[in-house]
Amino acid sequence: MTAQIQYADVEVGTELPAAAFPVTRATLVQYAGASGDFNPIHWNEKFAKEVGLPDVIAHGMFTMAEAIRVVTDWVGDPGAVVEYGVRFTKPVVVPNDERGALIEVTAKVAAKLDDNRVRVDLTATSAGQKVLGMSRAVVQLA
Amino acid sequence: MALDQTFVGRSYPPTDPYEVGREKIREFAVALGDENPVYFDPEAAKAFGHPDVIAPPTFVFAITFKAAGQVIQDPQLGLDYSRVVHGDQKFAYVRPVRAGDRLSVTSTIEAVKSMAGNDIIDIRGEVHDESGEHVVTAWTKLVSRAPEEA
Numbered sequence: 001m002t003a004q005i006q007y008a009d010v011e012v013g014t015e016l017p018a019a020a021f022p023v024t025r026a027t028l029v030q031y032a033g034a035s036g037d038f039n040p041i042h043w044n045e046k047f048a049k050e051v052g053l054p055d056v057i058a059h060g061m062f063t064m065a066e067a068i069r070v071v072t073d074w075v076g077d078p079g080a081v082v083e084y085g086v087r088f089t090k091p092v093v094v095p096n097d098e099r100g101a102l103i104e105v106t107a108k109v110a111a112k113l114d115d116n117r118v119r120v121d122l123t124a125t126s127a128g129q130k131v132l133g134m135s136r137a138v139v140q141l142a
Numbered sequence: 001m002a003l004d005q006t007f008v009g010r011s012y013p014p015t016d017p018y019e020v021g022r023e024k025i026r027e028f029a030v031a032l033g034d035e036n037p038v039y040f041d042p043e044a045a046k047a048f049g050h051p052d053v054i055a056p057p058t059f060v061f062a063i064t065f066k067a068a069g070q071v072i073q074d075p076q077l078g079l080d081y082s083r084v085v086h087g088d089q090k091f092a093y094v095r096p097v098r099a100g101d102r103l104s105v106t107s108t109i110e111a112v113k114s115m116a117g118n119d120i121i122d123i124r125g126e127v128h129d130e131s132g133e134h135v136v137t138a139w140t141k142l143v144s145r146a147p148e149e150a
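Protein sequences, first through last, are from chains E and R. Counting from 1, position 110 in the first sequence corresponds to residue 110 in the working numbering; the numbering is continuous, with no gaps. Counting from 1, position 84 in the second sequence corresponds to residue 84 in the working numbering; the numbering is continuous, with no gaps.
Just so you know, the hints here were simulated from the structure itself, not pulled from any lab data. Virtual Cβ for every residue (Gly too), placed ideally from N, Cα, C. Any given hint might turn out to be false.
A few chain E residues that face chain R, going by a derived Cβ cut-off under 10 Å, partial list only [as the list claims (entries may be wrong)]:
1) T27
2) R87
3) D97
4) G100
5) V138
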């Protein structure tokens with residue numbers, strides 16, 4: 001576990017390896033238990049539709065957690081993430097089948113900062129819709 | 001109903017400590033499908049200079065959001081929680097949360113706005129460990145959607 005990204009090795013525009021994260025109803029039940037967020041819009045289709053949603057939706061915090069994996073898998077040490085922020089723009093709709101939904105994440109270096117830090121801008125989409133906006137992380141490199 | 005602007009700047013008492021456990025971190029990482037060994041193996045974490053397994057970056061939200069409940073459920077503020085959606089979320093880390101931490105949160109209302117009938121509130125949660133060291137700050141924007149026209 002010594003794979004560290006060197007500040008000198010990245011430029012503005014450097015793309016991080018993209019990733020896609022599948023999410024099914026079972027994933028959401030497991031995340032609800034682990035996070036303590038039992039809002040029924042994340043597991044009860046009838047309830048979700050009654051409050052005007054198209055179907056069960058993923059927890060916004062689940063999507064946020066998956067998106068940053070593109071950064072943490074890249075740097076190796078998740079402790080290198082100094083800042084991370086997102087805006088929740090559209091829900092990830094999760095149908096009740098074995099395929100569920102897919103959260104597709106890309107990221108690139110947007111700025112080189114002082115002290116060997118970089119700003120990484122992320123995009124996250126599901127079913128062709130942008131699900132996170134203003135999604136940015138500041139990362140400490142070696 | 002527009003929220004009371006005088007709540008801006010109000011802080012709530014620090015929460016009782018939340019003790020971060022290795023198994024809770026493991027459970028959270030497994031739920032994400034994230035197999036990074038620094039979440040599971042203390043030796044892997046030590047290789048990066050961490051004294052114990054660390055938590056994924058968003059793990060602390062469960063703690064800060066529970067603390068924000070003091071604000072959300074403050075009857076004097078009068079936020080309609082049944083209509084609340086999560087607008088934005090941001091974290092700034094001094095260091096990663098790790099197993100063994102006993103974390104306390106102080107919540108402060110940073111801003112209160114009303115736009116097009118929606119109530120918008122920004123809550124800052126300052127997270128400190130038992131020694132008083134600042135660990136992370138979480139900013140949460142909540143939007144209480146305007147009721148539909150009857």
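Cross-check of the supplied hints:
Given hint, T27 (chain E) at the interface with chain R, holds; its Cβ is 8 Å from that chain's nearest Cβ, closer than 10 Å. Interface hint status for R87 (chain E): upheld, as the beta-carbon distance to the closest one in chain R is roughly 5 Å, under 10 Å. A cut of 10 Å between beta carbons decides the hint on D97 (chain E): the least distance to chain R is about 18 Å, and the hint is violated. Annotation: G100 (chain E) was flagged as interfacial toward chain R, and the flag is violated, the nearest CB pair being 12 Å apart, outside 10 Å.
At about 8 Å, the closest approach between the beta carbon of V138 (chain E) and any beta carbon in chain R falls short of 10 Å, and the interface hint on this residue holds.
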